[in-house]
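Asker: In order, the protein sequences belong to chains A and B. 41 is the number that this note's numbering gives to position 41 of the first sequence; each next residue is one higher, with no gaps. Here this note's numbering = 1-based position in the second sequence + 323.
Derived from the structure by calculation, the hints contain no laboratory data. Where is the CB? At the ideal position from N, CA and C, for every residue including glycine. Any given hint might turn out to be false.
Said to hold, decoys possible - Have a look at the derived ranges for each label pair, beta carbon to beta carbon:
1) 267(A) x 403(B): 53 to 63 Å
2) 185(A) x 403(B): 29 to 39 Å
3) 450(B) x 196(A): 51 to 61 Å
4) 438(B) x 225(A): 47 to 57 Å
5) 135(A) x 325(B): 32 to 42 Å
6) 152(A) x 585(B): 30 to 40 Å
7) 597(B) x 32(A): 43 to 53 Å
8) 480(B) x 303(A): 29 to 39 Å
9) 283(A) x 325(B): 36 to 46 Å
10) 83(A) x 601(B): 38 to 48 Å
11) 264(A) x 474(B): 50 to 60 Å
12) 139(A) x 451(B): 53 to 63 Å
13) 283(A) x 507(B): 26 to 36 Å
Claimed, not checked - To spell it out: a stretch of chain B is covered by chain A in this simulated footprint if at least three of its residues, at any positions, have a beta carbon under 8 Å from a beta carbon of chain A; those stretches are:
14) 391-404
15) 421-427
16) 497-508
17) 519-526
To be verified - With the C-beta cut set under 8 Å, the calculated list includes, among others, these residues of chain A facing chain B:
18) 19
19) 107
20) 112
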Amino acid sequence: MMLRANTGLAAAATIALCVAAASLPFLGVSAYLTALVYYAALYLALGQAWNLMSGLTGYVSFAHGALAGVGAYAAVIILNAGYPVAFGLMAGVAASALASLFISITSLLLRGVAFTFATLFFQELALLFTRKLEITGGAGGLVLSKIMPVWLPYVLMVATASSATLLVLVLLNSRAGIRLLAIKNDEDAAAAIGIEARSRKVVVFCASAIICGLVGGTHALFTSALYPDVVFQVDLSLIALAVPMIGGVGTAFGPVLGAILYMGAREILQVIAPALHLIIVGFLILLVTLLLRDGLGPELLRLWRRMRVRNVQVAPPQRGATL
Amino acid sequence: MTPTLLLQLVINGLIFGGLLALVALGLALIFGVMRLVNFAHGIFVTLGAYATYLLVANLKLSPLAGIPVSALIGAAIGLVVQELVIRRLDNRPDLEKLMVTYALAIIGLGFFSATFGGDFRSYSAGPRGNIAFLGATIGWRNLVVLGVCAIAGLATILMVDRSRVGLGLRALAQNRDAAATSGVNVNLLQRYAFGLASALAAVSGSLISMIGTTTPQVGEEWLLSSFVVVVIGGMGSIGGAIAAGIAVGLVQSFASYFTDDGWARITIFMLLYVVLVLRPRGILGRGLPI
Numbered sequence: 001m002m003l004r005a006n007t008g009l010a011a012a013a014t015i016a017l018c019v020a021a022a023s024l025p026f027l028g029v030s031a032y033l034t035a036l037v038y039y040a041a042l043y044l045a046l047g048q049a050w051n052l053m054s055g056l057t058g059y060v061s062f063a064h065g066a067l068a069g070v071g072a073y074a075a076v077i078i079l080n081a082g083y084p085v086a087f088g089l090m091a092g093v094a095a096s097a098l099a100s101l102f103i104s105i106t107s108l109l110l111r112g113v114a115f116t117f118a119t120l121f122f123q124e125l126a127l128l129f130t131r132k133l134e135i136t137g138g139a140g141g142l143v144l145s146k147i148m149p150v151w152l153p154y155v156l157m158v159a160t161a162s163s164a165t166l167l168v169l170v171l172l173n174s175r176a177g178i179r180l181l182a183i184k185n186d187e188d189a190a191a192a193i194g195i196e197a198r199s200r201k202v203v204v205f206c207a208s209a210i211i212c213g214l215v216g217g218t219h220a221l222f223t224s225a226l227y228p229d230v231v232f233q234v235d236l237s238l239i240a241l242a243v244p245m246i247g248g249v250g251t252a253f254g255p256v257l258g259a260i261l262y263m264g265a266r267e268i269l270q271v272i273a274p275a276l277h278l279i280i281v282g283f284l285i286l287l288v289t290l291l292l293r294d295g296l297g298p299e300l301l302r303l304w305r306r307m308r309v310r311n312v313q314v315a316p317p318q319r320g321a322t323l
Numbered sequence: 324m325t326p327t328l329l330l331q332l333v334i335n336g337l338i339f340g341g342l343l344a345l346v347a348l349g350l351a352l353i354f355g356v357m358r359l360v361n362f363a364h365g366i367f368v369t370l371g372a373y374a375t376y377l378l379v380a381n382l383k384l385s386p387l388a389g390i391p392v393s394a395l396i397g398a399a400i401g402l403v404v405q406e407l408v409i410r411r412l413d414n415r416p417d418l419e420k421l422m423v424t425y426a427l428a429i430i431g432l433g434f435f436s437a438t439f440g441g442d443f444r445s446y447s448a449g450p451r452g453n454i455a456f457l458g459a460t461i462g463w464r465n466l467v468v469l470g471v472c473a474i475a476g477l478a479t480i481l482m483v484d485r486s487r488v489g490l491g492l493r494a495l496a497q498n499r500d501a502a503a504t505s506g507v508n509v510n511l512l513q514r515y516a517f518g519l520a521s522a523l524a525a526v527s528g529s530l531i532s533m534i535g536t537t538t539p540q541v542g543e544e545w546l547l548s549s550f551v552v553v554v555i556g557g558m559g560s561i562g563g564a565i566a567a568g569i570a571v572g573l574v575q576s577f578a579s580y581f582t583d584d585g586w587a588r589i590t591i592f593m594l595l596y597v598v599l600v601l602r603p604r605g606i607l608g609r610g611l612p613i
């Protein structure tokens, strides 16, 4: 019961934060602040998509940025053909889901690192193909022919990030989520108690790719132009895994902390040391994985609980209390 | 297609394949002995390439002198990385192992980009001139690269197959716990394997700087093709890695002649998916399950 009440409260807080963040551009807040919130939402949505697959099942993906890129290209191609925005986003989602099925069919029937290889090479192939193909505009890229109002991608991105967080939250508190964690901890033991791993992995990866497709399509509305070397650079895939790794893998709110920290660190680094960005992100992932293991979020929570327990113990016995 | 052209393409493929095999050899060694997919292997390739470039450009040495220097620097930094980071990964879940070597690769990429910028660097010092062989032309430079690959590869195979250290490495690869109970010094051998693999990667980097251009991404690019090689050859199989390296080199050479470099890369990367679906233990079926 306790858990249920807490989950309900957390879900309500997430929705309230989402509505508050989504209404910012209509309250006359500065464009700089809304841009910061937009990027935090982008990092959070990608991070939760990665968290959903890799954080819950333990199969590491290096392709989440590329899956978003595929969604972005599909959305722009459909929008430039004259269809409405909703169709473009749906096309983005469909393309990313299909791409995830390609990776699943070739590698998720196997255990372990085969999936990671399949995602790594998907990233490279997506780049090579978009540079070559006519429909994606080759190396010159694609430009969105319609200009979108700024609030549209902003609201969509905030909604995507919040929905993804809610999805992970609900899943973590459901039987389905516990079965996924069982697969992550020991696939053989999970199989022994009747948890079928293959189809679950494929479905979760597809759901994760759908979030990426939404992110990609929405971000294409925001940037209005796609260049293969920008869309498929390793950066987005790195962000997708850095956000939950830093904040807390396999938790619902760790990635929120991770996304905010990442966005802040990036803003500061762009001013003081733009060249050192990769080194610092790399060291952060390295140190958190080696020393904290669970990420910053769970570690802070543990620290907070320990402090509360200590306070209770330190409190002196009341004098004159009735026996 | 004339026989001369065929010969020329085969020779080009052998040179590319020899380098790939040398990079893949280290990957296979580390995976076999430590069950670790080392995403950080590429930074040692880049390290060797820049070390050789700096020796040639600043000290006016022959690039041949860069080969042993790269090997030493590669081994030294490999040992430091093994002691500070990799050693702590024993018995950690795969997710953490992957993240840590990936983070190392990102740090390396960031370091080389910040230090050297995105410039393409190359030099003209070193062996020059061509020799004619049955109508095909081979540059001395390429011949030297092929020779060094062959020597380094053979030496590694002999070491693993014949020496006492090699026996220990093979025992570790077969069954880590049983090897440890029979008195194999696991820590020492893991250090040895990681240092040797890093030295091999640095030597390949040194050779790559002789026949190509040196950029911060050069190691990552070669690492990707080498992953295809180790998957085709069977994870952890050293013989498989060498055979697959040469095969992939030949495919690359012919594919880039008939189409272009981009399609050649696409062809090689698609091979990975084909092998994953049809022969997940490698073409020869001798690899460990991935």
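Asker: Does each hint fit the structure? Answer for all of them.
Answerer: Here is how each hint holds up against the structure:
1. 267(A) x 403(B): 53 to 63 Å: Given a distance of about 33 Å, which is not inside 53 to 63 Å, the answer is violated.
2. 185(A) x 403(B): 29 to 39 Å: 33 Å, holds
3. 450(B) x 196(A): 51 to 61 Å: 60 Å, holds
4. 438(B) x 225(A): 47 to 57 Å: Hint violated: Cβ distance 31 Å, outside 47 to 57 Å.
5. 135(A) x 325(B): 32 to 42 Å: 37 Å Cβ-Cβ, so the 32 to 42 Å window holds.
6. 152(A) x 585(B): 30 to 40 Å: 35 Å Cβ-Cβ, so the 30 to 40 Å window holds.
7. 597(B) x 32(A): 43 to 53 Å: 49 Å, holds
8. 480(B) x 303(A): 29 to 39 Å: Check failed, 52 Å falls outside 29 to 39 Å.
9. 283(A) x 325(B): 36 to 46 Å: 55 Å, violated
10. 83(A) x 601(B): 38 to 48 Å: Because 39 Å falls inside the window, the suggested range holds.
11. 264(A) x 474(B): 50 to 60 Å: Given about 52 Å between the Cβ atoms, the range holds.
12. 139(A) x 451(B): 53 to 63 Å: Since the Cβ atoms of residue 139(A) and residue 451(B) sit about 34 Å apart, the hinted range of 53 to 63 Å is violated.
13. 283(A) x 507(B): 26 to 36 Å: 34 Å, holds
14. 391-404: It is violated: at least three residues are needed, and the segment 391-404 of chain B offers just 0 whose Cβ sits closer than 8 Å to chain A.
15. 421-427: Held - the segment 421-427 of chain B has 6 residues with a Cβ nearer than 8 Å to chain A, which meets the minimum of three.
16. 497-508: violated (count 0)
17. 519-526: It is violated, with 0 qualifying residues against the three required.
18. 19: 34 Å, violated
19. 107: Cβ of residue 107(A) sits 6 Å from chain B, so the hint holds.
20. 112: Holds, about 6 Å.
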